[in-house]
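Peer 1: Two chains, two frames, a set of hints: combine them into the complex.
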Amino acid sequence: MIKPSNIKVIMLVFGVMASTNSMAKDKYNVDDPYESFNRKMYDFNESVDHYVAAPIANGYKAVTPDFLQTGVFNFFNNLKNFNVVINDVLQAKFSQSASDMGRLTMNTTAGLGGFFDVAKHVGLEQNDEDFDQTLAVWGIPKGSYLVLPLLGPMTTRSAPASAFDAATNPASYVSIPANYISAPVQFMSALNARANAEGALKFINEAAMDKYVFTRESFLQWRKNLESDGKVNMDDDLMADNVDDTSLTQNWRDYGKQFENTAQSFSSVARQFDHTAQTYEQANHKIAQVQKLHKK
Amino acid sequence: MRLKKLAILTLSLSSFYAASAFSQEESATARQIIDKFQTELIHVMKDGKKLGYAGRYEKLEPAVMNSHDLPKIARIVVGKEGEKLTEEQQKKLADVFTRISVASYAHNFKDFSGEEFVIDSEEETKNGGVVIHSHLTIPDDKPVKFDYMLKEKGASWRIINIIANGVSDLALKRSEYTAILQRDGFDALISQINEKIDNYAKQ
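Going down the list, the sequences are from chains A and B.
Residue numbers for the first sequence, in my numbering: 1 to 296.
Residue numbers for the second sequence, in my numbering: 297 to 499.
Next comes chain B alone, as it looks inside the complex (with noise of 0.2 Å):
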């Protein structure tokens, strides 16, 4: 139980990022665009041992990308780095991003033994922004919180961050990124989000 706990909190911090834009935008709410995302979580990990790895991927693709502003996310993680990107570069981080996002979510979300998400509570930031507080009630343990950052996108919200039990995933998704671009190089850092990818597909 755990180790089961361990990896949910934690997928947070490894996973959510995938890109493109979004050809249907529909009007929505911060707190439904979170609802929304959370149930579709909660029915692939129900279904998660049927559907096995590629059906999880396959189901968790669009719920991702309707629910987190990635071309956003990933400029953001590149930081200054970003701007020594070929126009190439961009793109193809773009796709690896998208790719290792869902991947993370497919393999951390592969089952379910009673887990729930209640939604707490709403709170504007002080730049637009609002944060929806949530967390997930998991059956014998300790509840795990997600704070959702979100920012107006279009006529909708989109997800920037994601907050578990404290630990902001694109601060550490931030630190990470640029510290390997600056020290290995923008083929090293595809190279290693490729391995990552590959490795979630194994397991």
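Just chain A, same shape as in the assembly (with noise of 0.2 Å):
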């Protein structure tokens, strides 16, 4: 007999849970049904960023050659061609598989560690796939878009998928001589992709006028970019003239609207979800004070 509890994760993993209010308001975002609680906690990665993140990455970046920097990324890079060969197998892609088995050997032993990308010199591209996609593969729905403190935009399919893959990375299992290593080995790699991360971050200050809308737009489009292979997706309705939101959306409105009961039966936990929201809220308003008093 399925547990309530069990639900709920069912509920959540496939984004059918919604917010008290999101789903009994009338217009709202089909992929992003969970938007008040997602611009709470998208704030408050802004403001985590900010003041803590940003100035530690540049500093980083400061003082770090470039040559280092590119070190350090190929090395993480190289470890991740572990769950890209894992996935290309769970996604019946044997040709890529072995291309890419090529690419984590060649880095990783005339690559010094995965130092250095030999691989590409020699025509071996690096191929990006992961659990999420895998999942997508095997016909899993995305669900909806989350924010998650400290762990930014995905998806209530990527959330779950994203755990498989830091489970089957060998960065997270690096611990030489001794496992206090392992801590400083992920700051590490944290701290590298949010350094390579800046020129992606200026942009959307200066492109965005909704950077939380710009964000959620492009991570969702990125996705399925990746899903399909970079596949165009050649259906040029909405280029019409007389393109009409509700048709567009329909369908996805009555899924939704099937759902919309048994969503409604877990209110409470939707309540928790904002009640969460708003402690983040308030984190973010510390935060902000803090800097306030710092500055005076």
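These are calculated hints, taken from the structure and not from any lab test.
Just so you know, not all the hints are guaranteed correct.
To be verified - Under the rule of at most 27 Å between Cα atoms (straight-line distance), these lysine-lysine pairs were calculated in the DSS-like manner:
id, chain 1, residue 1, chain 2, residue 2
1, A, K224, B, K376
2, B, K438, B, K342
3, A, K202, B, K492
4, B, K406, B, K441
5, A, K231, B, K332
6, B, K449, B, K438
7, B, K346, A, K202
8, A, K211, B, K380
9, A, K202, B, K438
Peer 2: Pasting the structure below:
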């Protein structure tokens, strides 16, 4: 017999659990039923990035030579290729898996543990596969957009998938010679990733009028593009003169309504969501207050 | 190099809207339209520093207007919200739309380090449109895919959407513009676009 707690997890995974007020709204983004929660998380993450991550990443960039930054990126990217090979196989891309295995082996050996990307010079291109894409290939819908504290944008499908990816990434287990080294290694990976994201973040600041919407749409389209291995969607409905928001989203709207009653039964969980969001919002205000005090 | 690549990749995510009708329509295939536009972009990039922002803007304005169906793009990005706008508001939107499109191109295509556009293939869409698949090669970096969706207009073709590495500018803009219109209203949207144009000119 399925326990209620399991049902909650299933509902969350398939993105049908809605916050108490979002489904009731006449107009809502079908991909983002938790927008109220997500926006608060987004603001919180921005504050953390602004006051904590960015200063550390800038310091790292200032004291680390370019070749070393590239080497660190190559190192973690090479470890990630272990995930890529696994997911190649899970998606039945056997030819690609052979190529990616060759890439991993070559960079680990001739590339001195992955610090040098020698494989690209012999034509072994970097492929991008992860468990979320595997789930997409298996026919599991992407679910709803979700922003989690410190982890950033994802979907209700990619959130559990990323846990699988972490478990199959050797970087999660690097602990030579002692276990306490593991934490700094993970920190280094995150730091380098943040430093490399500087250009993209600068662009968002320059181009976006609503940074939250801009990030969400870019993220969802980028993920969709990865799932289709770069194939362009030739559906040009959006280019029609009389394009209608309602007709474009009607199917999704119907789909959402089918689950509305069920979702409402989990309103207490949804309230917890809102409460969590409020907590992070308060934390966000406190960070801003501390910053103001610091300036004074 | 990474920053530069990002800037080039994302230029299509923010740019490419200009307005007005075309007074001199010439017969051209979709491929010719893209080829001509990309050639002009490379020229502007090569002379980017010498031209400065104002010079790039001046050069790119006709290139953008002669390759994009800007009135149609403007209608699409505001979606159903556009029906609520008065005629005067629609004209105002078209005007700022023109300026931000050219401004973002002028801001992002500012220098040159050996980049080259290559047209790969073309395909017909189910509704009679054409998609031109192309990519931008960047020395010492990964190429950036640019897929242009065009519709026939008179004797020629015009760009309606640009998809850069899988991200559709039309869908992105539509989400942003309709969200702002619904939440903050028309004046706020115009004000935010103008602010972006000013920022592009300053940087």
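Peer 1: Can you give the numbers of the hints that this structure goes against, from lowest to highest?
Peer 2: 6
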